[in-house]
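Trainee: Residues per chain, in single letters:
Number of protein chains: 6
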Amino acid sequence: MILKMDRLPIELPKPNNPSPNDAAAIQELLGGKFGEMSTLMNYTYQSFNFRGRKKVRPFYDLICSIAGEEYGHIEVVSYAINLLLTGVTKRGIDPTIAPLADAVDFRNTHHYIASAQASLPMDSMGHYWTGDNVFNSGNLKLDLLHNFFLECGARANKMRVYEMVSDPTARTMVGYLLVRGGLHVVAYAKALEKLTGVAVTKLLPMPELSNNAFPEAKKFMEQKLHLELYTFSQEDYKQSALIWNGPHPDDGQECYVVDGSPKGFPAPDLDEEPQLNAPIGDDFDPQVFADMAKKMGIKYEY
Amino acid sequence: MILKMDRLPIELPKPNNPSPNDAAAIQELLGGKFGEMSTLMNYTYQSFNFRGRKKVRPFYDLICSIAGEEYGHIEVVSYAINLLLTGVTKRGIDPTIAPLADAVDFRNTHHYIASAQASLPMDSMGHYWTGDNVFNSGNLKLDLLHNFFLECGARANKMRVYEMVSDPTARTMVGYLLVRGGLHVVAYAKALEKLTGVAVTKLLPMPELSNNAFPEAKKFMEQKLHLELYTFSQEDYKQSALIWNGPHPDDGQECYVVDGSPKGFPAPDLDEEPQLNAPIGDDFDPQVFADMAKKMGIKYEY
Amino acid sequence: MILKMDRLPIELPKPNNPSPNDAAAIQELLGGKFGEMSTLMNYTYQSFNFRGRKKVRPFYDLICSIAGEEYGHIEVVSYAINLLLTGVTKRGIDPTIAPLADAVDFRNTHHYIASAQASLPMDSMGHYWTGDNVFNSGNLKLDLLHNFFLECGARANKMRVYEMVSDPTARTMVGYLLVRGGLHVVAYAKALEKLTGVAVTKLLPMPELSNNAFPEAKKFMEQKLHLELYTFSQEDYKQSALIWNGPHPDDGQECYVVDGSPKGFPAPDLDEEPQLNAPIGDDFDPQVFADMAKKMGIKYEY
Amino acid sequence: MILKMDRLPIELPKPNNPSPNDAAAIQELLGGKFGEMSTLMNYTYQSFNFRGRKKVRPFYDLICSIAGEEYGHIEVVSYAINLLLTGVTKRGIDPTIAPLADAVDFRNTHHYIASAQASLPMDSMGHYWTGDNVFNSGNLKLDLLHNFFLECGARANKMRVYEMVSDPTARTMVGYLLVRGGLHVVAYAKALEKLTGVAVTKLLPMPELSNNAFPEAKKFMEQKLHLELYTFSQEDYKQSALIWNGPHPDDGQECYVVDGSPKGFPAPDLDEEPQLNAPIGDDFDPQVFADMAKKMGIKYEY
Amino acid sequence: MILKMDRLPIELPKPNNPSPNDAAAIQELLGGKFGEMSTLMNYTYQSFNFRGRKKVRPFYDLICSIAGEEYGHIEVVSYAINLLLTGVTKRGIDPTIAPLADAVDFRNTHHYIASAQASLPMDSMGHYWTGDNVFNSGNLKLDLLHNFFLECGARANKMRVYEMVSDPTARTMVGYLLVRGGLHVVAYAKALEKLTGVAVTKLLPMPELSNNAFPEAKKFMEQKLHLELYTFSQEDYKQSALIWNGPHPDDGQECYVVDGSPKGFPAPDLDEEPQLNAPIGDDFDPQVFADMAKKMGIKYEY
Amino acid sequence: MILKMDRLPIELPKPNNPSPNDAAAIQELLGGKFGEMSTLMNYTYQSFNFRGRKKVRPFYDLICSIAGEEYGHIEVVSYAINLLLTGVTKRGIDPTIAPLADAVDFRNTHHYIASAQASLPMDSMGHYWTGDNVFNSGNLKLDLLHNFFLECGARANKMRVYEMVSDPTARTMVGYLLVRGGLHVVAYAKALEKLTGVAVTKLLPMPELSNNAFPEAKKFMEQKLHLELYTFSQEDYKQSALIWNGPHPDDGQECYVVDGSPKGFPAPDLDEEPQLNAPIGDDFDPQVFADMAKKMGIKYEY
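Residue numbers (the numbering used here), protein chains in the order written: chain A, 51 to 352; chain U, 51 to 352; chain S, 51 to 352; chain L, 51 to 352; chain Z, 51 to 352; chain D, 51 to 352.
Worth flagging that the hints you see were computed from the coordinates, not collected in a lab.
Incorrect hints may appear among the rest.
In this list, chains with the same sequence are indistinguishable; a pair is considered to hold if it fits within one copy or across any two.
[Said to hold, decoys possible] Calculated cross-link-like contacts (lysine to aspartate or glutamate; reagent style EDC-like; alpha-carbon spacing at most 20 Å): (1) K274 <-> D182; (2) K313 <-> E285; (3) K349 <-> D56; (4) K269 <-> D155; (5) K288 <-> D341.
Since the structure is predicted, the reported quantities are computational estimates derived from the model, not experimental observations.
Could you build the full structure based on these sequences and the hints that come with them?
Mentor: Okay, here's the thing in structure tokens:
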């Protein structure tokens, strides 16, 4: 089970330049083979299916902790896409002015037909995310190797998407993912080291460019976000600390575990897009709820 | 963001009759079009993408609360599959005795090749779950109608899978899902009622057979599990209560919201399957971790 | 069995502005999850597979009648696409002038490679239509709820595609579909009402914007096209009238059933595109057929 | 547009031996790459998209006529599947006796979960039919060659499915398809001959085994069903006769065109399967409709 | 088994105008349904699976010979794509200048995210090549008919892609494929002729436009490349000559078989794209290998 | 370009117990995500797309050499499947005895409908192989890590399929793949070592069970097949030897490169299956070819 928070791990700036095609490209980091849906679901299924965990619980705890974090990653990528798509078509409810006319030339028409200018579980080419992206052999060493490879592949994708987008909303988000995904790269490397004695962290960075080359990532590293692994749990998964410890391969600083999650920031309220009837087509009266809320003693504002 | 718990919403009995083909059929409730991956991801994306939520927050809060619960549902279906698959092939590390020989005749060969006798994000026919199953128009009424239909379709699938499996592990799990999924059916019906004034709950039950016909479901209803909606959050989503209230259409009892989650039960430790090298092939020495744990002051047992 | 007519339900104007990308967007209404292939095939399979129809034949007849109409809808969407694609590349048979050069930048390259500037059973993102889009639980209430939801979802897509395209060919076609698909929305709502007593039509319109906001739709409504359900059969499916009756929720006018089909309009003859060798590359001599026709007493002109 | 008839082209006997796995195999002839969905949709799209048809109308008319017939073929395959699946699980509405228990071992679990023991648009391996199966280059010669190949491939599949199933329902249906599909093979061969002068019919039969080797097919040939091409239209597509004429390659008898369709046989009423809530779960009262029917002067019996 | 050569069948000129969207379109000829992956894999599987080959070995040998050639075709299409993509984004390792910014508007974002500006096994719409494209009934006549159709369909695609691209790299490659694929068309036509006596070659050219209309193709024909079939084997497949002989239908020149392969041209060395870390991110020192090479007596230069 | 040989790398014994379901399971090693189609196509595309190869040619040569070998692997898996499927249904051309009746209960009905009891490019669940399985970032270190992981995953699949099948045909083939795939595991480990200095080979074996536990594999190791890397080229790829050298991690013996390929064994002639019209339905007269062969001076026997 999980508890959900109405908060994002970082504060996303509003876009300077909302861009439909940047948003379409960023979909890769959400629903691509190496996107956050993949990391989330790989570790989630590995956590459910982990056999003989009692004997090797620190590995189980590590995978669970990272699985917990990945949920916040699909969230933050979705919000970045949503912010970039906010206001990219003409606002209003009159269909005759063709408010969505420009969208026929955009890269992702489903952002306008299947969603209301919002994220979808697909990649930058419009391929839907699929369960085929989940690897879970049950063999611990092989699953860890997979996860290490998956995170390196994901890092390559993040680097390339960073090179495609200049807007601060996009770059802040990708910079954050580079740091936190980078931590996961190191975490699985350390796990393999603990299991086998081989100095896997020395393969890093992969690809070779350091996170320091990305100013937004660098800023997060100055906040030590490359060093602290959260358990993303109130009470469980503390044995992650038996793996996540020792020096970080980038700068030699000590790695450490933090129980729970970062405090985070309130999820942004996304603007309505009335030309898409989102959220509702016309004259819903929130007063109905206000009256009920008063009666039930529940806080409600609009 | 989420916090993850190492607990399941219910206690799953050990199977009387582990069965590879029952497990294969149950995959439908996990990775099928109407399985728990679909309910989880539909509401999760609807929560991320919800535009203009400030004006209609009770609906947003309801969707978020249910999204939170669905994670526990993919978890409990996975564990039921895993328990039913535990021990269905010959144990041991000698490959020459063909410990997996029977598996060539089983319905799902990937349970033995791609996973270590464990769940996969696919349905009973081996189709992978796909992001194509997510519907999110952004129009509130249409999304609620979709969710209502999705839950009714999911209920039909649960009823049919119940009719396929007799083992108590399977039936306890499905009975639980019938009650909680049944609550979600009612919740979306009530949401549509609040939004439109139409008595949508009177369409229920759909399909027409009552949950009372399922003994395991009935038992959970006696514990009032059809009445209480959890926020699945420490602090957020409380305005769900502006929708989830009033009489339950089945028995007229009052519906109410509970902050947070049920207490739950510890996740079962799944047996090793050494013929599949799961979790590890041979002589890993847990003492290594024991020593580290001692040094770091972390609890570790094996 | 069916009888096929060489006629379209409406007269499609020639495009003012042939547009490859408008045509690509309109593909959504043909091969998308909520396109006409989906409505056609859902009701077609529901009609073949309907168990116990004797007891509830009016529902069976309604589904059959609507299934019959949907064929004309895939037809009219296809022709709209074909007209919009006519002449968008350079005409001629000399390949060295690169007559298709512009197509590398268009949204749907398969319009030029896989077809001869013509429709394909795929959506606006190039996803092929799939049988996975067919829902047919066999439970009447659930299937009707599905169909109601499907038509509402289809209506949302039509509204959005309308907002993307300004050309009269496209808008006439979408306006027509809004009215006839709108009739199907109401028909399934009435069916649910008949089956359950719940006032499902009061949920309409969904999305909230009325068809009156679309001038081309309005024109068709003035011709009462939102009121008359055709059986699309010479002799069968007359019991549809036990469901399709009473006031229309939009304007309170009486709904009524018409046996057979609308008279329709001749299917347009589409221009050749010689650069695509369509229909034939060079010097076919139709006189061959003229001679045969004369001999066989069959009418043949060219 | 089409007109739909509540009739099948042949009378299907009730199965001697209902069989879930025969039904699963027959799915290939419905939703397989070479199944009737493919022939239907290939010719349907080719008819909509046919450019320059005025010049070569006999080919257009032929494709339209055959497209019309294929609808009856998806129908007759569906009904054969449905009859073979009727009664294969335990009847009744009590879920606790596990009426669907055997289905976990059957080849197609979706027949029980996704449909109510009825056909689905998928093949014998559970792959959904897809629009990717439609070929429509727009070049007449190439499209005719494709159609000729498609029908030959379809014939091979029919022959092999015939060899898998012994029940008279199945064999009658396949025997019929062998004859009618065989006619389509010849029709496209004759079309290529007319267009090019090459004696394509001499390539037949392909595969080499004659339809005479199949007793059920032979019986239909004795009724001349291999000789008469229907226009499957009330008024159109008569120029098919400019192609479909001359001797049949099998027996030298004269080929001829019949306007309209065969008279056919009433579609069978399929038994209810109450364990699947099909069509409805419990106590629907048809008297409601009887009263309405009386009032409206419509014939209604139950 | 195969032996691989580091040589291409032709010399590809450097592009005048590298073009991301031309490269995206050319993907159709690589990973499309009628692309070279399909011809390669169809004949490869037909060669492995050929039953009773002893009796009809010339057909087996012909299929094997052509299968061998097709490998060189996927190679030459890949290289053409790679050359067209070389240098289309800004070179350098600083990500902050957004070197890939333009790519968000290109047709194929995976060229920049999933590969390093290089080919992928997908078509021009981003659909991955799939094994579903392989046809292998095992019936010789039907498989030959398929292959004949496949090559004609492939030829149509090549003609259309030629009409899309003007760059000499692209046109040289397509011209070459037109000639060699054209030879394969004729080869399967001759095979059908040998098997059945029907003059299948008289159906050609299909589509009707001659290869002489393509100047680059014409040039290769002047080198007799439409006349000589290679066995693409050192010792085997010589009985191809029992089929590949007699006059060529285009110009009446004699067809003949050449043992082995053309000599070919060295595979071009593709430029690095450092912004994509391809091949490596920074300061790899090739001297390491130079020293080893010296020690081992192996030639190594850089 | 390639040269093809009519030889397999090993001699496959005839099956003791032909088995349709063993054959269906073995499909995983051919068309599965970790099957030989994947290894073949990954390295093939990496070889075509390798940028900056001049600087790091030993890595390029290694990938090319292994790509060359993988072709023989898809071949040997196909033949093993084909041999196991030979004779599993009743032989004869009379369809009325239902020679394929048993096949409706087998795991892979496409072996009988889509092929003539022969291999298909799909996995054990019937999923087609897809280009989505190809990874090629262009970054050398990441691609090598991928290849290392891919080969380890492939090895796990081979081990599990071995545990499913007891027949000597199957086990000989899998034993061979374990040794040669095992060599590829080590080769990519050594490549990573050369590039980074990290002792990646020390992670082996992965999964932990040694190849010595598989008697058939052990036999091939006694022939030193785990030590010798072939260039699979007449003249090229010799710099592989700069990577493939030094001690083998299993037994410390010296690794070495052999130019060209193993000599291999003639490809087996597969029996006809006349009930599937394979290769031809009836009375083809090979004398036709004999006469031609005589005239042309080509060796031809039957």
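Trainee: State for each hint whether it applies.
Mentor: Each hint, compared with the structure:
no. : hint          : verdict
1   : K274 <-> D182 : neither (35 Å within a copy, 37 Å between copies)
2   : K313 <-> E285 : both (16 Å within a copy, 13 Å between copies)
3   : K349 <-> D56  : within (16 Å within a copy, 32 Å between copies)
4   : K269 <-> D155 : neither (36 Å within a copy, 29 Å between copies)
5   : K288 <-> D341 : between (45 Å within a copy, 16 Å between copies)
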